[in-house]
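Student: Sequence:
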Amino acid sequence: MFNDQVILITGGTGSFGKKYTQIILERFKPKKIIIFSRDELKQFEMQQVFNDKCMRYFIGDVRDASRMTEAMDGVDYVIHAAAMKQVPAAEYNPMECIKTNIHGAEHVIKAAIKNNVKKVIALSTDKAANPINLYGATKLASDKLFVAANNMVGGRDTRFSVVRYGNVVGSRGSVVPFFKKIMEEGATELPITHEDMTRFMITLRQGVEFVLKNFERMQGGEIFVPKIPSMYMTELAKAIAPKLPQKIVGIRPGEKLHEIMCPADDSHLTFEFDDHYVITPTIQIWHKSDFKTNKLGEIGSFVEQGFEYHSGNNSDWLTHEQLLEMVMEENP
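With the first letter of the sequence shown counted as 1, position 176 gets the number 176 in UniProt numbering; the numbers rise by one all the way through.
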């Protein structure tokens, strides 16, 4: 699918972008991979690892509409991974979060349409479902923009979809590297915000594989949600440091006890497939009305009315051994 194609990744120097680049280079022979981001140091560091002839590094910000349009010239596929995603930082700098996550989404959409991009997948988060913090609210707005963008294409073939998933094990800023860091600094206990807190867990490779598959599945307008396991944060801490005591420090501003990926209010719009769910548009998408069968011929079925997929009622739970395997996968 990606052989001799041009792929652009916004926020491409992040954890996802680097893993996506690695896997694309392993499996395909793309014409170009364009890493679009605003930090020249991170681009320089990434260039030392990924320096294939097809690699291109563009300095730019999704907030800059003209630069976004310029960078997308001749692009076939876009992965929109750029975001301001630290919950406390977003709460303290709300307008900056809005500029990046909402206005940035608008610029990606308009640039993709103007340049006749084939397909765009925007990365979302479980925090966008029933959001209680600004980060989640802006990503919900972004999700809505990308779904509605399918009605803005006119006669063009550009299609937009969204991939939503939970905590990425080992990604920059996530809890596992944080625990490891404070342990290396001599911590005598691990901070836990609440003893009942749960989270969905996925590896970077699993996230990338899911996005790759959904480029094949997508028709435009879907929010794809993978079926992934949950884990109690207390159990995660035990797996990482079984001998260290835990200290309950309280839920942080904008933090939930459990995360949701498929809200009950969307159950009438949600299909279940073998390894994922699809939340279909709340509005009519002009080119498509039936999402029960995807482009790969996979057939879904409606979930029960009131169904809610959240990390506390999940049927799939990680063991300590499975978590450690996931950590090793990301940090061999």
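No lab work stands behind these hints: they were computed from the structure. A few of these clues could be false.
As the list claims (entries may be wrong) - Beta-carbon label-pair distances, calculated as ranges:
#1 K53 / M1: 13 to 23 Å
#2 W317 / S174: 29 to 39 Å
#3 L244 / I23: 52 to 62 Å
#4 K288 / P94: 26 to 36 Å
#5 N151 / E195: 18 to 28 Å
#6 E325 / L244: 35 to 45 Å
#7 K32 / R63: 44 to 54 Å
By construction, the Cβ of each residue, glycine as well, lies at the ideal position given by its N, Cα and C atoms.
Student: For each hint, tell me whether it holds in the structure or not.
Tutor: Cross-check of the supplied hints:
Evaluation of the 13 to 23 Å hint for K53 and M1 yields a pass: the beta carbon distance comes to about 20 Å. For W317 and S174, the hinted distance range of 29 to 39 Å is not satisfied, since their beta carbons lie about 19 Å from each other. Hint check: L244 to I23, Cβ distance near 34 Å, so the stated range 52 to 62 Å is violated. In this structure, K288 and P94 meet the distance hint of 26 to 36 Å, their C-beta atoms being roughly 35 Å apart.
At roughly 46 Å, the beta-carbon separation of N151 and E195 lies outside the given 18 to 28 Å, and the hint is violated. Checked against the hint of 35 to 45 Å, the C-beta distance between E325 and L244 comes to roughly 21 Å, which is inconsistent with it. Take K32 and R63: their Cβ atoms lie about 23 Å apart, and the range 44 to 54 Å is violated.
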